[in-house]
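Below are the chains, spelled out letter by letter.
Number of protein chains: 2
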Amino acid sequence: MKHILINYMKRYSDCTEEELNKIASNVPIEEFSKGTVLLQQGEMPEKCYFILKGCIRKYSVSECGKETTFKLYTEEQSVTIFNQHAADKSSRYRLECVEDCVLVVGDLSEERAAYEENPGLEAMILNMVQGDLGEMHDEFASFMSSSPAERYKALLAKRPELLKRIPQHQLASYLGMTPESFSRIKKRLGSLKG
Amino acid sequence: MKHILINYMKRYSDCTEEELNKIASNVPIEEFSKGTVLLQQGEMPEKCYFILKGCIRKYSVSECGKETTFKLYTEEQSVTIFNQHAADKSSRYRLECVEDCVLVVGDLSEERAAYEENPGLEAMILNMVQGDLGEMHDEFASFMSSSPAERYKALLAKRPELLKRIPQHQLASYLGMTPESFSRIKKRLGSLKG
Numbered sequence: 001m002k003h004i005l006i007n008y009m010k011r012y013s014d015c016t017e018e019e020l021n022k023i024a025s026n027v028p029i030e031e032f033s034k035g036t037v038l039l040q041q042g043e044m045p046e047k048c049y050f051i052l053k054g055c056i057r058k059y060s061v062s063e064c065g066k067e068t069t070f071k072l073y074t075e076e077q078s079v080t081i082f083n084q085h086a087a088d089k090s091s092r093y094r095l096e097c098v099e100d101c102v103l104v105v106g107d108l109s110e111e112r113a114a115y116e117e118n119p120g121l122e123a124m125i126l127n128m129v130q131g132d133l134g135e136m137h138d139e140f141a142s143f144m145s146s147s148p149a150e151r152y153k154a155l156l157a158k159r160p161e162l163l164k165r166i167p168q169h170q171l172a173s174y175l176g177m178t179p180e181s182f183s184r185i186k187k188r189l190g191s192l193k194g
Numbered sequence: 195m196k197h198i199l200i201n202y203m204k205r206y207s208d209c210t211e212e213e214l215n216k217i218a219s220n221v222p223i224e225e226f227s228k229g230t231v232l233l234q235q236g237e238m239p240e241k242c243y244f245i246l247k248g249c250i251r252k253y254s255v256s257e258c259g260k261e262t263t264f265k266l267y268t269e270e271q272s273v274t275i276f277n278q279h280a281a282d283k284s285s286r287y288r289l290e291c292v293e294d295c296v297l298v299v300g301d302l303s304e305e306r307a308a309y310e311e312n313p314g315l316e317a318m319i320l321n322m323v324q325g326d327l328g329e330m331h332d333e334f335a336s337f338m339s340s341s342p343a344e345r346y347k348a349l350l351a352k353r354p355e356l357l358k359r360i361p362q363h364q365l366a367s368y369l370g371m372t373p374e375s376f377s378r379i380k381k382r383l384g385s386l387k388g
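Just so you know, the protein sequences line up as chains A and B, in that order.
Okay, so the first sequence: first residue is 1 according to this note's numbering, each after it adds one.
Okay, so the second sequence: first residue is 195 according to this note's numbering, each after it adds one.
The set of hints was computed from the structure by calculation and includes no laboratory data.
C-beta: ideal position from N, C-alpha, C; glycine also.
Some hints could be false.
To be verified - Have a look at the derived ranges for each label pair, beta carbon to beta carbon: (1) Pro28(A) with Ser377(B): 42 to 48 Å; (2) Lys260(B) with Lys66(A): 27 to 33 Å; (3) Lys66(A) with Glu333(B): 15 to 21 Å; (4) Pro179(A) with Ala307(B): 39 to 45 Å; (5) Asp14(A) with Glu237(B): 24 to 30 Å.
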């Protein structure tokens with residue numbers, strides 16, 4: 001399964017196949033059951049993840065109990081809570097496995113040591129994080145400039161598999177609407193299931 | 195004015211004062227008049243910026259002429275369009291000076307050479323970009339989970355100076371509402387001007 005990770009790294013790196021193999025051979029792969037909470041709200045983030053199989057939901061529960069789903073990460077996406085900018089370094093979000101997951105697990109405290117051991121790794125990670133930042137900009141911009149119905153259509157076009165993988169009320173929250181609106185829009189525009 | 199840049203770098207770096215001075219002495223500082231377009235929609239991004247003074251607006255104009263303001267960058271923020279993730283590397287956004295600006299201007303094509311010349315620079319930039327990504331996550335999450343009135347209150351609390359610096363219709367768009375709603379909410383909640 002490590003070939004998925006190696007192929008992903010190739011997109012962001014000038015490292016040789018041998019160097020990438022070395023990096024991949026040093027990272028642990030772990031399995032997590034559906035429902036596992038990888039990080040609680042208020043906990044210090046200590047790990048980062050890369051999804052080989054499965055789906056991770058990033059969400060928060062407000063003081064009054066309102067749940068908002070911010071991100072749905074699937075295969076070949078990396079999941080890290082970056083808190084460099086924050087005064088309080090604990091996580092505002094919960095990370096939970098929506099499905100059984102197979103994940104590459106990295107230890108944030110070993111980041112610097114890993115860069116020193118693997119030449120080219122830091123450049124690759126920088127490239128990946130810059131890519132993530134650009135992607136996040138685009139997602140945020142799309143969210144701001146579109147209506148809930150347009151967001152649903154974009155989801156159908158770009159990530160249709162999420163409709164089958166994610167509970168409807170979580171998808172509704174992710175698209176910024178109530179479950180009732182989601183159901184109405186889905187009916188009006190037609191879903192994948194027809 | 196370079197002390198602003200040096201102080202900013204210190205937050206993200208273990209470099210010595212001497213090393214930071216060397217980095218700062220090598221970057222050009224340029225002045226731009228209010229209204230200058232730094233990057234057009236559809237253009238290839240070639241520069242990155244760090245704001246010493248002034249404000250840059252990141253926005254787009256849709257095919258039907260609708261303008262959406264996505265980001266309002268001010269002092270001590272860096273502005274880069276990252277397109278690593280995109281098939282089309284041209285910018286979806288326009289960058290425009292909302293005020294007269296004094297900017298540190300970096301050349302994206304010289305990024306790699308600069309890292310080789312300045313040990314510690316790559317680690318610092320990675321740290322900054324990770325911070326930016328975390329901050330963007332938080333902003334996106336706040337936007338998703340809050341009402342327009344709550345966003346206005348958050349702006350009043352965190353960046354009240356924007357109310358004086360940015361035209362009202364652009365602020366309304368940035369907060370995800372019409373100028374009419376913005377005006378109504380402002381009246382209802384009271385503005386800084388009292």
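* Asked: Is 27 to 33 Å a correct range for the gap between the Cβ atoms of Lys260(B) and Lys66(A)?
  -> 30 Å, holds
* **Asp14(A) paired with Glu237(B), Cβ distance criterion 24 to 30 Å** => Cβ of Asp14(A) to Cβ of Glu237(B): about 26 Å, so the range 24 to 30 Å holds.
* Asked: Regarding Pro28(A) and Ser377(B), is the given constraint of 42 to 48 Å on their beta-carbon distance met?
  -> Violated, since Pro28(A) and Ser377(B) (Cβ atoms, about 55 Å apart) do not stay within the stated range.
* Lying within 39 to 45 Å: is that true of the beta-carbon distance Pro179(A) to Ala307(B)? -> 53 Å, violated
* Outcome of range test on Cβ distance (Lys66(A), Glu333(B); 15 to 21 Å) -> 19 Å, holds
In summary, the numbered hints that this structure violates are 1 and 4.
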